[in-house]
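The lines below spell out each chain.
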Amino acid sequence: MRIAFVGQPNAGKSTIFNGLAGYKTITANFPGQTVHYTVSKVTVGDETFEIVDLPGIYSLTAIDKAELESRKYILSGQTDVVVNVIDASTLSRSLELTLQLTELQVPMVICLNMIDEARRKGMEIDLNKLSKIFGVPVIETVANKGIGLDKIFISAKEAHYKRLIPKIQSFHKDIEEKIEEIEKIIPKENFLKIPKRYIAVKLLEGDEELTEEIKKYPEVLNKVREIREEIKSSHGRHTDTVISSERHALTMNIFEAVTKIGEPLKSTREKIDDLLTNRYLGYPLLFLILFGIFFVVFEIGKLIEDPLISIFDSFIQQLPGIVKEDSLTFFILKGLLEGFSGGLGVAIPYLIPFFIGLTILEDIGYLPRMAFLMDTLMHRIGLHGKSVLPFIISYGCNVPGVMATRILESPRDRFITATLSVLIPCAARTTVIFGLVGAYIGGIAAAGLYIFNLFVIMILGAILTKFIPEIRPGLIMEIPPLRIPTFKNVLMKTWLRLKDFILVAWPLLIISSIILSFLEYFKIDAMINLAFSPLVSWILGLPEQTGLTLLFGILRKELSMIMLFQAMDTTDLSKVMTNTQLIIFTIFTIFYIPCIGTIGALIRELGTKKTLIVSILTILLAIILSLIIRILLSIFG
Amino acid sequence: MKTLLNIDNGKKVKILKISGGKGIRQHLQCLGIHIGDIVTIKKSSFLGGPVLLEVNGYDVALGKGVASRIEVEEVE
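Chains as they are written, first to last, in my numbering: chain A, 1 to 637; chain B, 1001 to 1076.
It is worth saying that the hints were derived from the structure and are not from the lab.
Each residue gets a CB set at the ideal place from its N, CA and C atoms; glycine is no exception.
Incomplete in silico selection of chain A near chain B, CB under 8 Å:
| hint | residue |
| --- | --- |
| 1 | T61 |
| 2 | I63 |
| 3 | S89 |
| 4 | T90 |
| 5 | R93 |
| 6 | T241 |
| 7 | S245 |
| 8 | H248 |
| 9 | T277 |
| 10 | R279 |
| 11 | E478 |
Assemble the whole structure, with the sequences as input and the hints as a guide.
Structure (structure tokens):
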């Protein structure tokens, strides 16, 4: 049996899904976090369920790319039961999607999630009454605490075997007549799986995709247009507004029939929320929070890194005593150890605290508040507040950052945000910044690089906006209530993110490190370095050996640094490179071409051509910036 | 005519008109903002920043551009 979770953004679908399937998807207190769907198999008793977590959709009229995916999936008719997940505290709005789902005529379960939050707002919802109105099971859950999740499969089975198809709620008579008129003329052959009523309503609403589809039948299209005009002249409003008002009126009726509103509990959360988005205090708080996270990450990271690295160093130093130096085995072992320690010693100490910090910020719901605060600033670079999310996620890893651009409505915003996102120093580049500039020059210089990076992004954003002017009016975004993150969820999410690094990046680090050893053994590295020397030595002013490390950095950015130690044959870089060289190396690593994983994500989101543009742009940018900084440092340094 | 940009903190307003294309209209409708709805201004726009509204018990942020296209009148 296949069950799809459908609901508005931030209703808790992914939390429910994770609760049922074990941790598979990333959840966050940010509308539109799930950008692609996840399928998982769960066996309960003797029955296997296939559950699908879909991106949140506000309505079946898709607005952004993520919503379009959900809708496509729901309409494909692959699901046996739809579980409509509703944030109970926003019931009045959420029911509008429920009304649209009833039109699909698939067995349904209504799941009122976050019922605790609704109670805090003073709402009492009558489940039996709601169940009677729609003719389907209605259950209550508090997904983040695991309450009520067991009822989901039971109700889904009931809905499936008893074929509990939701009852259609009728609009006013005059509109119903028009819908019927259209239903009659819809060509049978093309829309077998989708109920006629749904098509008729969506055509009346002027749905772009369906209207495109119906263009093959000019007589149908003309009739729809005619009816739309009739409604417009009789109601004095656009037909889509009329339908939406009808739906709104229906939901308000249902909402009032099933809900009793009492006194909301005045909470300290409201007061904290007020402070976080305060027009004056909000900004210093924002700065303190972000600065605090970076400070803690840096301090904790250093605390773990130093002892770990010294253990591996002593290993490597003892190696010549065990295996004959200059033998191939020695080179392979050395590469293996260096790759292994690079992952364990350099990356993981910084990744774990960073992921924990990011997860806590996400689960509390601070990110949408940041979007609110940053809206004005983002307009300066031709974007709006929502672009903050891809940016912040990119500090962890650019791949999910680029994918998060799907929450933006226009292709233009997606392009600019993705281009700027790949310039943000991800965890990999953070290890380079901390490991080179932070360790050898100091924390202030490392912080300076972050500020320099932001400055470059702002300028580039302003330039891109000049070329691709803004059309959209800007920010329209729900701000979800603040929530207290659960310990378990924070740990599981951190693990989920770390797993990606351990399973994908770490082996890559080790293999590349061994390959570099091979190249060294067969003296091929010198040839590659020679080929790159015009760029590396003349323009960047770096030692020739760094050419190969920069090439490997395309696989994973921290590889550049880990291989740098190997290529320069030292564990103390300050002996062989000047501060200026370390800074230039780091700046070049931050900006030049995104890593392979990010390029893959860019191709998926923007297409090959735009990815190529972004890649070339970033290489040019890296060269220009390195050159400018080199000149500046030689004058003032 | 007053828009959402000219309303002070804490005031309740009724939405009279939403100008602009189908895109904005539908997006606002999806978030539960319709003509005739009564919303509370939680944070008014500051230095061209967004407006924070409370609609039926939840919060929605609207950028300056969008807010300027929503005509309202104060109630109470």
